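Since chain C is already given, all that's left is putting chain S on it; use the hints.
Next come the chains, spelled out residue by residue.
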Amino acid sequence: MAATKDKVYKCLNPVGIQEPVDISPLAPRLDTLEGKTIHFSITGEPDITIALEKKLKMDYPDINWTAKKSYTPMPNQLTDEEIKTTDGVILGVCW
Amino acid sequence: MPYIAKLEKAGVPTVIVDFEDQLNMIRHTGLEYGVPNARVVHSSRTIPGPEDVENWVEAVLEGLTKPLTKKEKESGRYAPPQERILFEGTLDEAQAFYQKNRHVPIPVDAPICVYTDGLPIIVPTEEKVKEMLTGTSHKPDELITYQRSVEAPAGFAGMGISRKKGDVVKFHPNEWTATVEKVATIAVMAGCKPEHLPVILAIAESGCRTGTTVMNSQAVCLSGPIVDELQMNTGCGMFGPGSPVNAPIGRSYQLMAINLSGSIPGVNRMSSLGSPLNNGGTCFAERASSLPPGWLGLNEEYSFEKDDSVVMVMGFEGGISGRQFSPGGYRALQKSGHGAIARRLGVKGTPGPHNWLEYYIHSLWANREGPVTLVMIPEMAKHLYEYGFKSKDAVYEWLWKKSFRPVSEYRDRSWGDMTTNGWMGIESVSKKHWKEMTDDFPVPMGGPNPVNNCIIVASSEEEICLNLEGGRGQAYSIDAWR
Chain C
1 MAATKDKVYK
11 CLNPVGIQEP
21 VDISPLAPRL
31 DTLEGKTIHF
41 SITGEPDITI
51 ALEKKLKMDY
61 PDINWTAKKS
71 YTPMPNQLTD
81 EEIKTTDGVI
91 LGVCW
Chain S
96 MPYIAKLEKA
106 GVPTVIVDFE
116 DQLNMIRHTG
126 LEYGVPNARV
136 VHSSRTIPGP
146 EDVENWVEAV
156 LEGLTKPLTK
166 KEKESGRYAP
176 PQERILFEGT
186 LDEAQAFYQK
196 NRHVPIPVDA
206 PICVYTDGLP
216 IIVPTEEKVK
226 EMLTGTSHKP
236 DELITYQRSV
246 EAPAGFAGMG
256 ISRKKGDVVK
266 FHPNEWTATV
276 EKVATIAVMA
286 GCKPEHLPVI
296 LAIAESGCRT
306 GTTVMNSQAV
316 CLSGPIVDEL
326 QMNTGCGMFG
336 PGSPVNAPIG
346 RSYQLMAINL
356 SGSIPGVNRM
366 SSLGSPLNNG
376 GTCFAERASS
386 LPPGWLGLNE
396 EYSFEKDDSV
406 VMVMGFEGGI
416 SGRQFSPGGY
426 RALQKSGHGA
436 IARRLGVKGT
446 PGPHNWLEYY
456 IHSLWANREG
466 PVTLVMIPEM
476 AKHLYEYGFK
486 SKDAVYEWLW
496 KKSFRPVSEY
506 RDRSWGDMTT
516 NGWMGIESVS
526 KKHWKEMTDD
536 FPVPMGGPNP
546 VNNCIIVASS
556 EEEICLNLEG
566 GRGQAYSIDA
576 WR
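Protein chains in written order, with my numbering: chain C, 1 to 95; chain S, 96 to 577.
Certain hints may be false.
Claimed, not checked - Below, simulated DSBU-like cross-link-like pairs (lysine-lysine); rule was C-alpha separation at most 35 Å, straight line:
{"no.": "1", "chain 1": "S", "residue 1": "Lys288", "chain 2": "S", "residue 2": "Lys265"}
{"no.": "2", "chain 1": "C", "residue 1": "Lys10", "chain 2": "C", "residue 2": "Lys55"}
{"no.": "3", "chain 1": "C", "residue 1": "Lys57", "chain 2": "S", "residue 2": "Lys166"}
{"no.": "4", "chain 1": "S", "residue 1": "Lys265", "chain 2": "S", "residue 2": "Lys101"}
{"no.": "5", "chain 1": "S", "residue 1": "Lys225", "chain 2": "C", "residue 2": "Lys84"}
{"no.": "6", "chain 1": "C", "residue 1": "Lys55", "chain 2": "S", "residue 2": "Lys288"}
{"no.": "7", "chain 1": "C", "residue 1": "Lys69", "chain 2": "S", "residue 2": "Lys485"}
{"no.": "8", "chain 1": "S", "residue 1": "Lys225", "chain 2": "C", "residue 2": "Lys10"}
{"no.": "9", "chain 1": "S", "residue 1": "Lys161", "chain 2": "S", "residue 2": "Lys101"}
{"no.": "10", "chain 1": "C", "residue 1": "Lys68", "chain 2": "S", "residue 2": "Lys527"}
{"no.": "11", "chain 1": "S", "residue 1": "Lys161", "chain 2": "C", "residue 2": "Lys69"}
{"no.": "12", "chain 1": "S", "residue 1": "Lys166", "chain 2": "C", "residue 2": "Lys7"}
{"no.": "13", "chain 1": "S", "residue 1": "Lys443", "chain 2": "C", "residue 2": "Lys69"}
{"no.": "14", "chain 1": "S", "residue 1": "Lys485", "chain 2": "C", "residue 2": "Lys84"}
{"no.": "15", "chain 1": "C", "residue 1": "Lys54", "chain 2": "S", "residue 2": "Lys260"}
{"no.": "16", "chain 1": "C", "residue 1": "Lys57", "chain 2": "S", "residue 2": "Lys530"}
{"no.": "17", "chain 1": "C", "residue 1": "Lys69", "chain 2": "S", "residue 2": "Lys288"}
{"no.": "18", "chain 1": "C", "residue 1": "Lys84", "chain 2": "C", "residue 2": "Lys36"}
{"no.": "19", "chain 1": "S", "residue 1": "Lys485", "chain 2": "S", "residue 2": "Lys526"}
Since the hints were made in silico from the structure, they are not lab data. Just so we're clear, the structure is a prediction, and the values are computed from it rather than from any experiment.
With the rest of the complex left out, here is chain C:
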């Protein structure tokens, strides 16, 4: 019995296969927000997003604000063409 108890087994790995991921640096930040086009991607949580959209537009009139709304956590995304003319994006409340 002792021999069996001490027997060494090779045990297999159940963890899924991770394809290698290329890590990207974050996009360079902006020097200023003045005159820039900043997009607000609204994803539900109206108690926060309504107040935030209102405050952004009222307190930061020098920024060109754009917005798209979704009431689910899935953002209503910018098109590739719209991305070309957008300087920054705020996404909330979700990831």
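Relative to chain C, chain S alone:
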């Protein structure tokens, strides 16, 4: 997160606003998409919006302008080691190794097992996995791929995914892949036998998703000759403990979610309080021989043949509920038209068959919307048949029509905003814009399509009908994995 990754990689700076307890998930998912250091500002779950926004609006704007840190500028390749042999040692040492845990911070703040569901497993030695692999003709190094092309049913929060035959299955949320050998390894850990392996491989085809931030429950239901072949419990207590078949198959789903999907509570599996159906796993089966004449088996409902063995993989958000009947109460309704149910249905003194669903649906859509999965005993299915429902489709249609409520009532539901996208879209049945509808316009609470409902007939005796509060899942061929 794929959207944020796309923007950052396109040179557009982003800031995420989200709750602090979601940070683990943002970091973890960010890594999978190559942006592990995405900027995040925390909002509050409890402070009223206008006051909350004052606390962090400056930080949001700073997130777009504050220069990048050294860490945020990092690039490189994330390629963790993936050895085929995970551990070498005695069985006791291996048991302790596979049982190891790590502390997961808030919102968990407790130890969570790395490889298991919390209970001990059968150690997956090379010998045991080799034996398990005798249960399939597929090669150990074969990647899990879809065996049939299927369009996913539409709808938010469902577990449905479109798939094309031959495509490699990605296990959500980490988008990992798996080989037949890895699935066999997990089948060993769960306590399965080689003859169970084709079922586990078919379940793996689903990608073993674990749902969203609400309360997603996962379950699998088998249909076809495999049910008798494996001697599954389809009768008394089939959702409960004791079956050497139902239990390890159900457990396999959860062990695959943990290992192949990389699903961790509080990190990327955010179901708030979790679901007891996922604790140990839930596997049940249809008793096709108990179906009334003309009622299709689950396999046939998915365009498979009667002799095909399939598994339906479900993810539903509403939990599980049933309707209690007093001792003899249901039987009195059908035998002689006596008792409370007969009074409610207005059939006092009239012997059955009566449509007991009239009693059952009293509060079916009171606090949720969408289709339902009803698991009923043969006697109750027979009563529905004798009452006049000559097919499952007839029941689905009846249920769906009963679900219509006026827009004024629908508007009072929290979930309503989600499916209508804030009332800005087109209602799928009437094709009218939500905002054009009058308050009394009827809309279906039971989802857009009657056949999203599902009926499973089991083989128990005591009259009960359970409601798995969500519609049908997707079906996968077991035979394709034999």
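Exercise. Any hints from earlier that this structure breaks? Give me their numbers in increasing order, please.
Key: 2, 5, 6, 7, 12, 13, 14, 15, 17
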